[in-house]
Every structure is written in structure tokens, then in C-alpha cells.
Amino acid sequence: MQGALTSPVDWHAIAPELVLTAFACLVLVVDLFLAERAKWLAMPLSAIGVLATGAATLSLVGSERTTLSGSYEIDAFALLLKGLFCVIGFIVLAISFDYFRSGIRYQGEYYFLLLCSLLGGLVMSSARDLVTIFIAIELISVPGFIMTGLRKGDPKSNEASLKFFLFGVLSTAVMLYGMSLIYGLSGGATRLDRIREAIDGSGNEPLVMLSVFFVVVGFGFKISAVPFHFWAPDTYEGAPSPVAAFLSTASKIGGFVGLLVLMFKAFPEVADIWRPVFAVLATLTMTVGNLIALKQRHIIRLLAYSGIAQSGYILVALALIDPSSPGVSRQALESALVYIAIYAVMDLGAFAAAVAYARRGGTYFIDDYAGLWQRSPVLATLLTGFLLSLAGAPPMAGAWAKLFVFLATINAQVYWLAVVMGVNAVIAAWYYLAVVKRMFFEAPELEGPVEVPYFLRAVMGVAALALLVVFIYPPVITELAERSIL
Amino acid sequence: MARSYFSQYLTIGLFLVVSVGLVMGTLQLARLLRPNVPSYEKYTTYESGIDPIGQGWAQTNVRYYIFALLFVVFDVEAVFLFPWAIVFERLGTQALIEMVIFIAILALALLYAVKKKVLDWL
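Top line first, the protein sequences correspond to chains A and B.
Residue numbers for the first sequence follow the working numbering, so the first one is 4 and each next one is one higher.
Residue numbers for the second sequence follow the working numbering, so the first one is 167 and each next one is one higher.
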């Protein structure tokens with residue numbers, strides 16, 4: 004323990020986290036001294052903070068280092084995800100600006116909490132230690148509970164916050180119990196590589212299985228996998244919509260990163276045992292998410308269930324991991340990374356369009372999307388792009404995301420899972436295209452133009468363009484993922 | 167292969183049965199073993215051994231909640247300060263700087279509370 008305390012800290016390695024922490028504190032303090040009219044300045048300040056964090060992340064590109072006694076690792080995997088979290092943070096800030104500027108009183112606090120939660124994501128990308136992983140996942144979740152309840156006057160927001168909190172605490176308790184078992188089994192090691200050594204051939208497989216099971220259940224709540232998904236649609240609907248966008252991307256991806264790191268670094272030896280768990284979870288998550296989404300009439304609930312279904316595809320990648328054939332594992336992890344990156348951008352894009360429409364002359368109900376094409380061709384086109392991408396249809400990047408997971412499944416010779424994926428892609432296309440059809444082929448019921456703020460329009464445009472570029476030239480993302488596997 | 171496979175899942179089932187059984191079993195066992203002598207005192211609400219006074223529905227000023235929150239801030243600070251103080255001499259200036267930063271961040275919470283006027287008692 005003495006060594007852990009006195010070992011020098013590699014300050015450059017944790018620069019992104021330090022920068023983000025500094026900016027979060029700065030936002031909190033600056034907000035205290037701003038007049039009510041000028042509170043919106045917290046948003047540009049936060050945006051600068053996220054950009055600075057991104058710059059700090061870029062300055063680390065190409066270096067491989069560990070610090071904090073090996074519990075914190077900076078490698079291509081961590082850097083890719085840190086970059087992704089910065090992108091998510093920036094887009095969420097863009098969505099939030101218009102929403103929070105009018106109507107909600109806690110702007111400064113909101114941006115502070117958002118940056119804190121984002122910090123959790125950055126920590127999670129590098130965490131290679133049970134305790135660090137736990138702190139990271141809590142740092143992502145806890146500000147989320149408060150952000151969800153920021154619309155204090157709205158009972159739905161309160162309900163959403165309470166539900167999220169109770170499920171979050173429950174999942175944490177289950178996960179911690181699993182972690183405590185792991186701690187005991189590994190003889191007191193918390194670093195993932197040590198745990199792997201300690202577990203390998205120890206003859207404790209039943210207990211290892213039990214602890215892995217608890218940890219997976221805990222993470223299952225965080226990534227809203229079926230059957231642990233009940234909180235997600237209600238929470239997203241009641242939360243301020245930008246917060247829902249954040250929860251369905253950053254928070255979920257944080258959970259996936261933790262799960263991937265744990266499974267790859269600590270438990271590859273017992274992969275034979277947990278692989279079927281993920282196969283079942285993936286099947287349930289995809290199918291149930293898609294089937295319930297068919298009946299949704301509220302766009303945020305639709306996106307919530309679609310998000311649940313999308314997590315299923317990422318879980319498929321986890322169900323393919325096989326240490327005895329490294330090629331298959333590599334491909335599975337690559338496809339998971341590609342999927343995560345593309346999912347983040349397209350899901351945020353769809354949320355951005357939904358929030359912009361609801362704020363500027365529309366509602367959250369899908370019926371009211373009728374004839375959006377006539378009222379705002381730009382918004383209708385952008386939303387169509389994001390929905391097509393989510394459905395996995397060309398010409399958007401979502402098509403490649405699904406295809407890569409599909410190919411990995413074929414390559415691993417798990418054909419039944421590939422069939423499940425194919426069927427689900429068809430079901431999903433139905434409800435995404437129903438919204439598109441309504442926007443283009445039905446007469447508008449609501450009147451008046453839809454004026455989306457220029458900044459948000461620009462961010463959505465860039466996101467859609469990025470998805471298009473990735474579709475035309477996928478190596479942009481695949482080569483990055485190839486270099487970034489654990 | 168397949169057998170060892172399912173025996174792994176058997177552990178989880180076994181764990182479930184044992185954990186439910188343990189709770190049920192001990193409760194039933196206690197019921198069999200304990201003497202049953204009900205009296206008025208045993209049915210009153212337990213309040214640290216004192217006779218309960220008034221109704222269970224007592225209201226507390228919501229402001230205490232803020233103090234409770236602020237207490238947590240400084241409680242956590244103390245948890246880190248004591249072990250730090252013990253090994254401080256061996257750690258040197260770097261530890262001092264780190265602790266100053268840590269306390270400064272916690273002090274932000276106090277600054278926030280003061281600026282939001284939650285410490286003014288009306």
C-alpha cells in the first residue's frame with residue numbers, strides 16, 4: 004500500500020480528467036456569480052471545457068502508459084472512448100442550450116452535473132481496477148439522478164428521477180456484492196490483470212460464475228438490457244429531454260465499457276460459462292425492445308425502446324468472445340466498438356431533432372410529426388437520416404454498424420444469433436420508417452414554421468454528414484477500432 | 167463439457183435456494199424456540215427504551231436537510247484527513263498540495279451553500 008501512495012503520478016496521462024474537473028468546478032463557481040439573465044454563459048464555458056478535454060485527449064494519442072499503480076491505463080482503447088465521450092458531451096451541450104435557456108432555473112447546476120457525469124465516462128475508459136470501475140460507474144450515474152429530476156415542478160420528472168435512483172441503487176448493490184465476492188476469490192487483488200491470474204485454475208469456478216453473474220446483472224441495469232430495462236422508458240420520458248439523450252448514450256456506453264473491460268481483462272478464462280448469458284440477454288434485449296417500440300406514440304419513449312434494442316446488438320458482440328480463437332474475439336470487440344461509436348452519434352442526432360421539434364412549434368407525439376417535411380424540410384431530412392441510420396438502412400453509417408456485428412456473428416459460427424439479429428432488423432425498420440412516412444406522406448395538422456436554432460442545426464448537420472461519410476468510406480471508423488482493441 | 171457447464175448454473179440455483187431457505191428457516195426456528203409471552207409493553211413502539219410520546223407523524227424543519235447534506239461533505243473530508251495526517255511526514259510536499267486541492271474542491275460546496283443563502287436561518 005505504501006508503494007501505491009508514494010509512486011509518482013503521471014500527470015499528463017490523466018490530463019483530460021484534470022482539465023474536465025477544473026472546468027466543472029469553474030462552471031459551478033462562475034454560475035454562482037452570474038446574474039439570472041446571464042446564466043446561459045455556463046453553456047459556452049462548458050463547451051470550451053469539453054473541447055479542452057478533447058484536446059488533452061488528442062495530446063495523448065499514440066502513447067501507451069499506465070499510472071496510479073497500474074489501475075489506470077492509457078491506451079488506444081481508452082483514448083478512442085475518451086474522444087467519443089467528448090463528442091457526446093459536446094452534442095448534448097448543443098441540445099441542452101435551447102432547452103435549458105428557456106424555462107428551467109438550474110442552468111449552472113445542470114452543466115456542472117453534466118460535466119461531472121462526463122468525467123465518469125472518461126475515468127471508465129481508463130479504469131483497469133475494480134474500485135476505479137466502480138467509482139467511474141457511480142460518477143456517471145449519480146449526477147444523472149439529479150439531472151433527471153431538474154424539472155422540479157413536473158411530477159413526471161420527479162417520478163422519473165426516483166425510479167432511476169431506486170433502480171440505480173439496487174443495481175449498484177447487486178454489482179457491489181458481486182465485486183466483493185471477486186475480491187475475496189482473488190485473495191484481495193483489485194487490479195483486473197491480478198484478478199485474472201488469481202482466478203485462473205483456482206478451481207473456484209462455481210463461485211467465480213456466481214460473482215460474474217451478479218456483476219452482469221448490475222451492469223445490465225446500467226445498459227438497460229432486458230429484463231433490467233423497466234426504468235429506462237419512464238425515466239427518459241420524464242427527464243428533461245437533453246438528459247434523456249445523455250442517459251441513452253453516455254451513461255449506457257459507460258456501462259458497456261465497464262462490461263467489456265471486465266470481461267476481456269478479468270474473466271476471459273471463464274468465457275465459456277458467461278458467453279451464453281450474454282447470448283440470452285442479447286436475444287431478449289433486441290426482441291423485447293423492438294416489439295414494445297412498435298406500439299409507442301411518444302417519440303422519446305420510441306427512442307428509449309429503440310435504444311434498448313440497440314444495446315442488444317452490442318451485447319451480441321459480447322456473446323461471441325472466445326479466448327481460444329483470438330481472431331473471433333478481435334472481430335467481436337472491433338464490431339462492438341464500431342457499433343458503440345456509430346450508435347452514439349445517430350441516437351444523439353435523433354434526440355436532437357426530437358427536442359428541437361418539441362421546443363419549436365411541435366410536440367413529442369409521433370402523430371404530430373405528420374407533414375413535418377412541409378413545415379421544415381431541413382429538420383425532416385435530418386431526422387430521416389438519423390432514423391434510417393438507427394434502422395440500419397443505407398445510406399447511413401448504421402448499416403455498417405449492424406453489418407459488422409452480423410459478420411462477426413457469422414464468423415463465430417453462432418448462426419442462430421445471426422438469424423435473431425436479421426429478424427430484429429426487419430421489425431425495427433417498421434417503426435422507424437413509420438415516423439419517416441408520417442413526416443413525408445401525411446398532411447400537417449399543426450401550423451407554422453419550425454425554426455431550429457442555427458447552432459443546433461449545424462451540430463445536427465455535422466453529425467448527419469459524419470454518418471454519411473462513414474457509410475461511404477467505413478475505414479474512417481473501422482481502422483480506428485482495429486487499432487483500439489484491448 | 168456440457169455437464170460441467172450446467173453444474174455451473176446449478177450453483178446459482180443452489181445459492182438462491184440456500185439464501186431464501188436460510189431466512190425462512192431461521193425465522194421458523196426462532197418461532198419454535200422462543201417463549202411466547204405477549205404483554206402491553208412489548209406491543210408499544212420501540213423508542214430507545216423510553217415510553218413513546220405523541221404521534222409517529224412528527225414534522226422536522228426541512229432546513230435540517232441542508233445541514234445534513236453539508237455534514238456529509240465535511241464528514242468525508244475528515245475520513246480522508248485522518249489517515250493522511252498519520253502518514254503525512256513520510257509523503258512530503260506532494261501530499262500537502264494534493265490535500266489542499268482536495269479541501270479546496272470541498273470548500274466549493276460550502277461556497278455554493280453560502281451563495282445560495284441556505285445557511286441563513288430565517
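Hints were generated in silico from the structure; no laboratory data involved.
Any given hint could turn out to be false.
What the hints assert, rightly or not - No farther apart than 25 Å at their CA atoms in a straight line, the calculated lysine to any residue pairs in the SDA-like style are these:
(1) K282(B) x A38(A)
(2) K268(A) x A432(A)
(3) K281(B) x E39(A)
(4) K282(B) x A41(A)
(5) K268(A) x S66(A)
(6) K283(B) x K268(A)
(7) K283(B) x R40(A)
Given the structure is predicted, the values throughout are model-derived calculations rather than measurements.
Structure-based check of all given hints:
1. K282(B) x A38(A): OK: K282(B) and A38(A) at ~13 Å, within 25 Å.
2. K268(A) x A432(A): Cα-Cα ~36 Å, so violated.
3. K281(B) x E39(A): holds, 14 Å
4. K282(B) x A41(A): Holds - the C-alpha atoms of A41(A) and K282(B) are around 17 Å apart, at most 25 Å.
5. K268(A) x S66(A): Holds, at about 20 Å.
6. K283(B) x K268(A): Violated, at roughly 48 Å.
7. K283(B) x R40(A): Roughly 19 Å separates the two Cα atoms, so the pair holds.
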